[in-house]
Amino acid sequence: MNEEDRPLKRGWTTGACATAATKAACVALKAGAFPDPVEIVLPGGQNVAFALARNERGDGLAMAGIVKDAGDDPDVTHGALVMSTVRPGAAGSGLVYKAGKGVGTVTRPGLPIPPGEASINPVPRKMIAGVVAEVLGEGADVEVEISVAGGEEMALKTLNPRLGILGGISILGTTGIVIPYSCSAWIHSIHRGVDVARAMGFDHVAGSTGNTSELAVQKFHGLHEVQLIDMGDFVGGMLKYVRAHPVAKVTIAGGVAKMTKLAQGLLDLHSSRGSADLDGLAAIAVGAGADTGLEARIKGANTVAEAFIEANKAGIGIGDAVAAAAWRTAASVFDKLDIAVEILVFNREGELMGHAPFAASHSPSRPLKRR
92 MNEEDRPLKR GWTTGACATA ATKAACVALK AGAFPDPVEI VLPGGQNVAF
142 ALARNERGDG LAMAGIVKDA GDDPDVTHGA LVMSTVRPGA AGSGLVYKAG
192 KGVGTVTRPG LPIPPGEASI NPVPRKMIAG VVAEVLGEGA DVEVEISVAG
242 GEEMALKTLN PRLGILGGIS ILGTTGIVIP YSCSAWIHSI HRGVDVARAM
292 GFDHVAGSTG NTSELAVQKF HGLHEVQLID MGDFVGGMLK YVRAHPVAKV
342 TIAGGVAKMT KLAQGLLDLH SSRGSADLDG LAAIAVGAGA DTGLEARIKG
392 ANTVAEAFIE ANKAGIGIGD AVAAAAWRTA ASVFDKLDIA VEILVFNREG
442 ELMGHAPFAA SHSPSRPLKR R
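To convert a position in the sequence shown, counted from 1, into our numbering, add 91.
Worth flagging that the hints you see were computed from the coordinates, not collected in a lab. Glycine included, every Cβ here is placed at the ideal spot set by N, Cα and C. Mixed in with the good hints, there may be bad ones.
To be verified - Result set (SDA-like, lysine to any residue): computed pairs, CA atoms no more than 20 Å apart in a straight line:
{"no.": "1", "residue 1": "121", "residue 2": "188"}
{"no.": "2", "residue 1": "121", "residue 2": "161"}
{"no.": "3", "residue 1": "404", "residue 2": "449"}
{"no.": "4", "residue 1": "331", "residue 2": "188"}
{"no.": "5", "residue 1": "331", "residue 2": "290"}
{"no.": "6", "residue 1": "404", "residue 2": "388"}
{"no.": "7", "residue 1": "340", "residue 2": "286"}
{"no.": "8", "residue 1": "248", "residue 2": "161"}
{"no.": "9", "residue 1": "340", "residue 2": "214"}
{"no.": "10", "residue 1": "217", "residue 2": "248"}
Stated by the list, open to error - Taking CB as the label site, the calculated pair distances span:
{"no.": "11", "residue 1": "142", "residue 2": "184", "range": "43 to 51 Å"}
{"no.": "12", "residue 1": "127", "residue 2": "449", "range": "25 to 33 Å"}
{"no.": "13", "residue 1": "442", "residue 2": "359", "range": "53 to 61 Å"}
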């Protein structure tokens, strides 16, 4: 089997690694020796074993470390050393979670964990609590400190700083298993971004397809970083979450090609879902006043960007027409909810190419704005 043809290898979440490390440390604290490998049960019932990369015993503590294997997923934490240090706690304290070096602390509301707590998500907390109870007994008074070597630097490549999770990465996972190239982690970050913005009292969020459009929309509206949602290609995922967790105003910002796909009815803008239809773009241009010559040039263009250049040369506001059509696609997700939707279309230089201003999503239609 060729490398390209082999099945993609699954990996383990930081939550699974932290749980296994905690169990090993609890066993050593109780019995004096570390189990290696150490076995845990994942939320789905699977029994899995982890080899220890580090283990230490000290005065009243035990520490175990496991190297995270993310499989074939392009995960920033692949290869990270996830460590758990377990100490007896004060009488009556129960299980206390601590953020060690490289694990973030929550500082903003709206996340599953309240401000001031270690950024160890609910499912990993439940898994850790389970192994503590298994080894040390129900109601054990114990402190579990999770740390990640180099976690501060890893966190800079994530959305944690924007979400107000400071000092390191988050300990995540709902199944314990990392599915290669899954969109779940990105969708999760979109949801948490909306939650934080709402919890901080913002009534306007802006989803962007990339860095250029994000910087452009932030400048356009003067937005706080918390209002910026890095939705990537998952515009449908963001809009559906906002439908269930409403805000008053939603801006969708993106490049000409991505917004053309949205205008053509696609809510997943990834290239694997298809490319922008230049014939469809030509039809939009005709609706905006293009003659047959421009229609032909757009149909024969190599890229959407080239089609936009041709339209602008001819004085046709194709960007506004695309924005209006994209607005109808986005607004349809909200059905009759009273949410105002705006579309901003930017080129690669961050210049505004098209705009559909805020209008209530329950409006029956949106007239084309002409320049």
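Each hint tested on the structure:
Distance hint between residue 121 and residue 188 is fulfilled; the C-alpha atoms sit about 19 Å from each other, no more than 20 Å. Between residue 121 and residue 161 the alpha-carbon distance is near 30 Å, which puts this suggested pair outside the 20 Å criterion. A distance of roughly 27 Å separates the Cα atoms of residue 404 and residue 449; the hinted pair therefore is violated under the 20 Å criterion. With a C-alpha separation of about 33 Å, the suggested pairing of residue 331 with residue 188 is violated against the 20 Å cut-off.
Using a Cα cut-off of 20 Å, the hinted pair residue 331 and residue 290 holds, with the two alpha carbons roughly 18 Å apart. With a C-alpha separation of about 12 Å, the suggested pairing of residue 404 with residue 388 holds against the 20 Å cut-off. With a CA separation close to 14 Å, the supplied pair residue 340 and residue 286 stays within the 20 Å bound. Between the alpha carbons of residue 248 and residue 161 the distance comes to roughly 16 Å, so the proposed pair stays at or under 20 Å and holds.
A distance of roughly 32 Å separates the Cα atoms of residue 340 and residue 214; the hinted pair therefore is violated under the 20 Å criterion. Between residue 217 and residue 248 the CA atoms are separated by roughly 27 Å; this puts the pair beyond 20 Å, and the hint is violated. Separated by about 31 Å at the C-beta atoms, residue 142 and residue 184 break the suggested range of 43 to 51 Å. Taken as a hint, the range 25 to 33 Å is violated for the pair residue 127 and residue 449, whose Cβ atoms sit roughly 59 Å apart.
In this structure the hint that residue 442 and residue 359 lie 53 to 61 Å apart at CB is violated, the actual value being about 26 Å.
This entry does not satisfy hints 2, 3, 4, 9, 10, 11, 12, 13, going by the numbered hints stated previously.
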